[in-house]
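Chains as they are written, first to last, in our numbering: chain A, 1 to 249; chain B, 1 to 389.
A hint or two may mislead.
[Unchecked claim] Here are some chain A residues the structure puts well away from chain B; computed CB gaps all over 12 angstroms: (1) Ala63; (2) Glu78; (3) Val82; (4) Lys89; (5) Glu103; (6) Glu106; (7) Met116; (8) Ala126; (9) Ile166; (10) Ser182; (11) Ala190.
[Claimed, not checked] Partial list, derived from the structure: chain B residues whose beta carbon lies under 8 angstroms from chain A: (12) Leu189; (13) Ile229; (14) Ser243; (15) Ser249.
[As the list claims (entries may be wrong)] Under the rule of at most 30 angstroms between Cα atoms (straight-line distance), these lysine-lysine pairs were calculated in the DSBU-like manner: (16) Lys77/A with Lys43/B; (17) Lys147/B with Lys168/A; (18) Lys77/A with Lys58/A; (19) Lys58/A with Lys147/B; (20) Lys58/A with Lys168/A; (21) Lys71/A with Lys43/B; (22) Lys75/A with Lys226/A; (23) Lys168/A with Lys71/A; (24) Lys147/B with Lys122/A; (25) Lys187/A with Lys75/A; (26) Lys315/B with Lys75/A; (27) Lys147/B with Lys23/A; (28) Lys168/A with Lys187/A; (29) Lys71/A with Lys35/A; (30) Lys43/B with Lys358/B; (31) Lys122/A with Lys188/A; (32) Lys23/A with Lys168/A; (33) Lys77/A with Lys35/A; (34) Lys226/A with Lys71/A; (35) Lys35/A with Lys168/A; (36) Lys122/A with Lys187/A.
Quick caveat, the hints were computed from the structure, so don't treat them as lab data. No residue lacks a Cβ here, since even glycine has one placed at the ideal position from N, Cα and C.
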Amino acid sequence: MNAQKENFLLAVEGLTVSFDGFKAVDDLSFYLDPKEIRVIIGPNGAGKTTVLDLICGKTRATAGSIRFGGKELTKMKEHQIVHAGVGRKFQNPSVFEDLTVFENLEVSYSQGHTVMGALAFKRDAAVVEAVESIAETIFLSDQLNEPAGLLSHGQKQWLEIGMLLIQKPDLLMLDEPVAGMSVAERKKTAELLRVITRDHTVLVIEHDMQFVGDIADRVTVMHQGKVLSEGSIEHVKQDPKVIEVYLGH
Amino acid sequence: MKTNSPLQWLTSREGIYYLLLALLLVVVLPLLLDPFRLNMVGKYLTYAFAAIGLVMCWGKAGILSLGQGVFFGLGGYCMAMFLKLEASTPEATKNQSTPGIPDFMDWNQITELPGFWQPFHSFSFTLIAVIAVPVLLAFIIGVAMFKRRVGGVYFAIITQAIAAILTILIIGQQGLTGGVNGITDLQTLMGWNIRTDMAKTTLYFVCVGLLFLCLLVARHVQNAKLGRILVAMRDQENRVRFSGYDVASFKVFVFCLAAGLAGIGGALFTLQVGFMSPSFVGIVPSIEMVVFCALGGRYSLLGGVYGALLVNAAKSGFSESFPELWPYAMGALFIGVVLAFPNGLAGLYERYIMPLEKRLPVIGKYLDKDKPAPQAPPVVSDQLSAEKP
Numbered sequence: 001m002n003a004q005k006e007n008f009l010l011a012v013e014g015l016t017v018s019f020d021g022f023k024a025v026d027d028l029s030f031y032l033d034p035k036e037i038r039v040i041i042g043p044n045g046a047g048k049t050t051v052l053d054l055i056c057g058k059t060r061a062t063a064g065s066i067r068f069g070g071k072e073l074t075k076m077k078e079h080q081i082v083h084a085g086v087g088r089k090f091q092n093p094s095v096f097e098d099l100t101v102f103e104n105l106e107v108s109y110s111q112g113h114t115v116m117g118a119l120a121f122k123r124d125a126a127v128v129e130a131v132e133s134i135a136e137t138i139f140l141s142d143q144l145n146e147p148a149g150l151l152s153h154g155q156k157q158w159l160e161i162g163m164l165l166i167q168k169p170d171l172l173m174l175d176e177p178v179a180g181m182s183v184a185e186r187k188k189t190a191e192l193l194r195v196i197t198r199d200h201t202v203l204v205i206e207h208d209m210q211f212v213g214d215i216a217d218r219v220t221v222m223h224q225g226k227v228l229s230e231g232s233i234e235h236v237k238q239d240p241k242v243i244e245v246y247l248g249h
Numbered sequence: 001m002k003t004n005s006p007l008q009w010l011t012s013r014e015g016i017y018y019l020l021l022a023l024l025l026v027v028v029l030p031l032l033l034d035p036f037r038l039n040m041v042g043k044y045l046t047y048a049f050a051a052i053g054l055v056m057c058w059g060k061a062g063i064l065s066l067g068q069g070v071f072f073g074l075g076g077y078c079m080a081m082f083l084k085l086e087a088s089t090p091e092a093t094k095n096q097s098t099p100g101i102p103d104f105m106d107w108n109q110i111t112e113l114p115g116f117w118q119p120f121h122s123f124s125f126t127l128i129a130v131i132a133v134p135v136l137l138a139f140i141i142g143v144a145m146f147k148r149r150v151g152g153v154y155f156a157i158i159t160q161a162i163a164a165i166l167t168i169l170i171i172g173q174q175g176l177t178g179g180v181n182g183i184t185d186l187q188t189l190m191g192w193n194i195r196t197d198m199a200k201t202t203l204y205f206v207c208v209g210l211l212f213l214c215l216l217v218a219r220h221v222q223n224a225k226l227g228r229i230l231v232a233m234r235d236q237e238n239r240v241r242f243s244g245y246d247v248a249s250f251k252v253f254v255f256c257l258a259a260g261l262a263g264i265g266g267a268l269f270t271l272q273v274g275f276m277s278p279s280f281v282g283i284v285p286s287i288e289m290v291v292f293c294a295l296g297g298r299y300s301l302l303g304g305v306y307g308a309l310l311v312n313a314a315k316s317g318f319s320e321s322f323p324e325l326w327p328y329a330m331g332a333l334f335i336g337v338v339l340a341f342p343n344g345l346a347g348l349y350e351r352y353i354m355p356l357e358k359r360l361p362v363i364g365k366y367l368d369k370d371k372p373a374p375q376a377p378p379v380v381s382d383q384l385s386a387e388k389p
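I would like the entire structure built from these sequences, with the hints used as guidance.
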């Protein structure tokens with residue numbers, strides 16, 4: 001395993017975070033290959049969202065390492081992690097409701113990230129083109145000039161995914177992207193994810209097993225901050241430990 | 001998406017609002033008012049500088065500062081120190097035990113001009129200090145607070161505490177600052193008597209000119225990508241952070257911008273009123289500035305200007321007739337604004353008067369060519385949503 005380590009896009013090793021003695025994530029290790037789609041499943045409180053928080057820098061690790069493309073993320077600030085190529089979507093859609101869809105995407109565009117850069121930023125043809133092409137991918141071409149606050153729940157989720165895509169990250173992390181969506185919206189989201197995964201590595205948290213089966217290359221099952229099982233969807237579905245703590249209920 | 005040339009801009013809806021304000025301040029008021037009243041309007045306008053700073057800082061970026069009086073006061077004190085030194089020539093102060101230093105220092109048995117007063121002999125240094133001193137303090141506070149992610153109510157309380165501390169400091173160090181009386185008896189600016197009607201009227205126009213300059217600077221920031229990031233930060237700070245921005249540095253920037261604007265206002269206040277005292281630094285004036293901004297409409301730069309003008313005019317009018325009732329009236333006004341029209345006068349204008357504009361035969365047709373006001377903020381359903389900690 002050690003010989004291959006350099007080929008991983010993301011290598012999480014011995015990751016531990018403890019909140020006042022409670023270990024939300026406990027000595028966790030997993031590895032992501034480039035262009036892989038990995039889904040993390042597990043019961044509530046297993047520490048799934050905390051893992052994403054740790055990778056994107058929202059929460060600081062107590063011990064362990066997170067290496068991404070040769071960089072150690074545990075010591076970096078949130079915005080530096082984003083610049084290193086990690087994009088993260090939150091569980092509740094967090095878009096800028098007072099800005100239009102266009103402006104939401106433009107704010108996320110990977111230029112003008114410093115105070116002076118943002119003052120001097122010009123909305124040139126390249127920006128407009130990038131925004132319009134992303135808007136088409138996320139089915140929001142017709143809503144470009146609408147305030148994001150007026151979008152439906154599902155559209156907001158797509159917009160947030162679009163805001164990640166325009167950053168051109170190497171790793172996309174999505175926290176329950178289809179939660180609260182209608183059946184039709186779920187289908188469209190799965191379609192969207194398939195497009196995205198052609199040229200991104202994706203780490204998804206999801207509960208919907210049908211959806212997981214649709215998209216996952218490999219599945220990691222978490223329980224009490226640890227990896228319970230890992231492998232293909234068929235493999236984990238038949239794992240007696242997984243059935244016991246998660247699927248059985 | 002935007003008009004490009006200045007001329008095109010001036011004939012757009014937004015440009016016309018700026019022109020109307022210019023018309024009011026440059027033509028209508030000077031024609032209607034005597035020099036005494038015009039000087040008072042000039043004084044009100046100095047608060048408008050602080051108010052447009054608050055529009056950027058509080059309205060756009062959601063950072064409520066209850067300490068803008070500190071920056072206003074620092075700008076004012078910098079200017080007052082220069083004017084005081086100019087007034088304290090050895091000839092003018094020959095009756096003091098130490099001639100050549102400000103009178104209040106002599107009364108406090110100080111025999112030598114303190115070191116930090118020395119550079120204020122220079123007018124160019126003073127002009128820089130008027131902006132640099134408030135900005136520097138704002139930078140230190142901003143870095144200390146925002147890098148540690150202190151925000152919302154906590155930040156507001158800390159700025160208020162700083163306003164209280166500075167007032168106590170100024171009053172306590174009577175020999176260095178003039179104490180509770182402040183720095184008074186300011187006569188000339190580079191030999192030019194600022195107490196004549198002519199000088200006051202000139203200073204009024206300087207003040208109006210600088211106000212428009214500051215408005216245009218603030219408008220430029222608001223319309224740049226930076227302005228949209230500020231609004232985005234107000235809505236979803238984490239999303240901005242995880243879109244690759246160092247949120248703290250943007251907050252520091254807008255807080256410094258607001259401080260610099262307030263400092264310019266303070267310096268113009270000193271010039272037009274002829275003295276500076278701790279009563280313009282502390283908690284009460286700081287909160288009044290927030291009221292100007294809230295009443296005018298905290299999302300609108302022009303709203304801030306009208307808010308400062310109207311509240312101050314009401315304050316003068318009211319306190320001339322019923323001095324003891326004014327604080328109650330102002331409290332009621334503030335509560336009324338928060339409860340009934342959280343977006344202030346600018347919000348009321350947008351909601352009720354803008355639709356009427358279209359019905360006016362000539363203007364309506366003209367404005368129809370125009371897109372709706374570009375910077376119009378959407379109505380925020382919860383008036384406190386911008387202040388989430």
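Hints and how they fare:
Its beta-carbon lying about 23 angstroms from the closest one in chain B, Ala63/A satisfies the requirement of being farther than 12 angstroms from that chain. The Cβ of Glu78/A sits about 5 angstroms from the closest Cβ of chain B, inside the 12 angstroms cut-off, so the non-interface label is violated. At roughly 4 angstroms, the least C-beta separation between Val82/A and chain B is not larger than 12 angstroms, which violates its mark as non-interface. With a cut of 12 angstroms on Cβ distances, Lys89/A falls inside the contact zone with chain B, its closest approach being about 9 angstroms.
With a least beta-carbon separation of about 5 angstroms from chain B, Glu103/A fails to lie farther than 12 angstroms from that chain, contradicting its non-interface assignment. Non-interface status of Glu106/A relative to chain B is broken: a Cβ of that chain comes within 12 angstroms, the nearest being about 7 angstroms off. Non-interface status of Met116/A relative to chain B is broken: a Cβ of that chain comes within 12 angstroms, the nearest being about 9 angstroms off. A cut-off of 12 angstroms between C-beta atoms confirms that Ala126/A is not in contact with chain B; the least separation is 14 angstroms.
Interface exclusion of Ile166/A from chain B breaks down, the closest Cβ pair being 9 angstroms apart, not more than 12 angstroms. Under the 12 angstroms C-beta cut-off, the non-interface status given to Ser182/A relative to chain B holds; the minimum distance is some 24 angstroms. Once the 12 angstroms rule is applied to beta carbons, Ala190/A is consistent with being away from chain B; the minimum gap is 24 angstroms. The beta carbon of Leu189/B comes no nearer than 33 angstroms to any beta carbon in chain A, farther than 8 angstroms, and the hint placing it at the interface is violated.
The beta carbon of Ile229/B comes within 6 angstroms of a beta carbon in chain A, closer than 8 angstroms, and the hint placing it at the interface holds. Because the closest C-beta pair between Ser243/B and chain A is about 5 angstroms apart, less than 8 angstroms, the hint holds. The beta carbon of Ser249/B is positioned within 8 angstroms of a beta carbon in chain A (closest approach about 6 angstroms), and the interface hint is therefore held. Taking the CA atoms of Lys77/A and Lys43/B, the gap is near 45 angstroms; set against the 30 angstroms cutoff, the hint is violated.
For a cut-off of 30 angstroms, the pair hint linking Lys147/B to Lys168/A stands: about 27 angstroms separates their Cα positions. A distance of roughly 9 angstroms separates the Cα atoms of Lys77/A and Lys58/A; the hinted pair therefore holds under the 30 angstroms criterion. Restraint check: the Cα-Cα separation between Lys58/A and Lys147/B comes to about 14 angstroms, which is no more than 30 angstroms; the hinted pair holds. Of the supplied pair hints, the one linking Lys58/A and Lys168/A holds, its CA atoms being roughly 20 angstroms apart against a limit of 30 angstroms.
With a C-alpha separation of about 57 angstroms, the suggested pair Lys71/A and Lys43/B falls outside the 30 angstroms cut-off, and the hint is violated. Straight-line distance between C-alpha atoms of Lys75/A and Lys226/A comes to about 22 angstroms, which keeps the hinted pair within the 30 angstroms bound. Using a Cα cut-off of 30 angstroms, the hinted pair Lys168/A and Lys71/A holds, with the two alpha carbons roughly 18 angstroms apart. Restraint check for Lys147/B and Lys122/A: satisfied, since their Cα atoms lie roughly 28 angstroms apart, inside the 30 angstroms limit.
Taking the CA atoms of Lys187/A and Lys75/A, the gap is about 38 angstroms. The hint is violated against a cut of 30 angstroms. This hinted pair does not check out: Lys315/B and Lys75/A have alpha carbons roughly 54 angstroms apart, beyond 30 angstroms. In summary, the hint linking Lys147/B to Lys23/A is supported, as the alpha carbons are separated by about 27 angstroms, within the 30 angstroms threshold. For the hint linking Lys168/A to Lys187/A, the alpha-carbon distance of about 24 angstroms falls within 30 angstroms, and the restraint holds.
With a C-alpha separation of about 18 angstroms, the suggested pair Lys71/A and Lys35/A falls inside the 30 angstroms cut-off, and the hint holds. At most 30 angstroms may separate the alpha-carbon atoms for a hinted pair to count; Lys43/B and Lys358/B exceed this at roughly 35 angstroms. For the given pair, Lys122/A sits about 33 angstroms from Lys188/A by alpha-carbon distance, which is inconsistent with the 30 angstroms threshold. Restraint check: the Cα-Cα separation between Lys23/A and Lys168/A comes to about 33 angstroms, which exceeds 30 angstroms; the hinted pair is violated.
For the hint linking Lys77/A to Lys35/A, the alpha-carbon distance of about 25 angstroms falls within 30 angstroms, and the restraint holds. Taking the CA atoms of Lys226/A and Lys71/A, the gap is about 24 angstroms. The hint holds against a cut of 30 angstroms. The straight-line distance between the Cα atoms of Lys35/A and Lys168/A is roughly 14 angstroms, inside the 30 angstroms bound, and the hint therefore holds. For the given pair, Lys122/A sits about 37 angstroms from Lys187/A by alpha-carbon distance, which is inconsistent with the 30 angstroms threshold.
Violated hints for the displayed structure, listed by number in ascending order: 2, 3, 4, 5, 6, 7, 9, 12, 16, 21, 25, 26, 30, 31, 32, 36.
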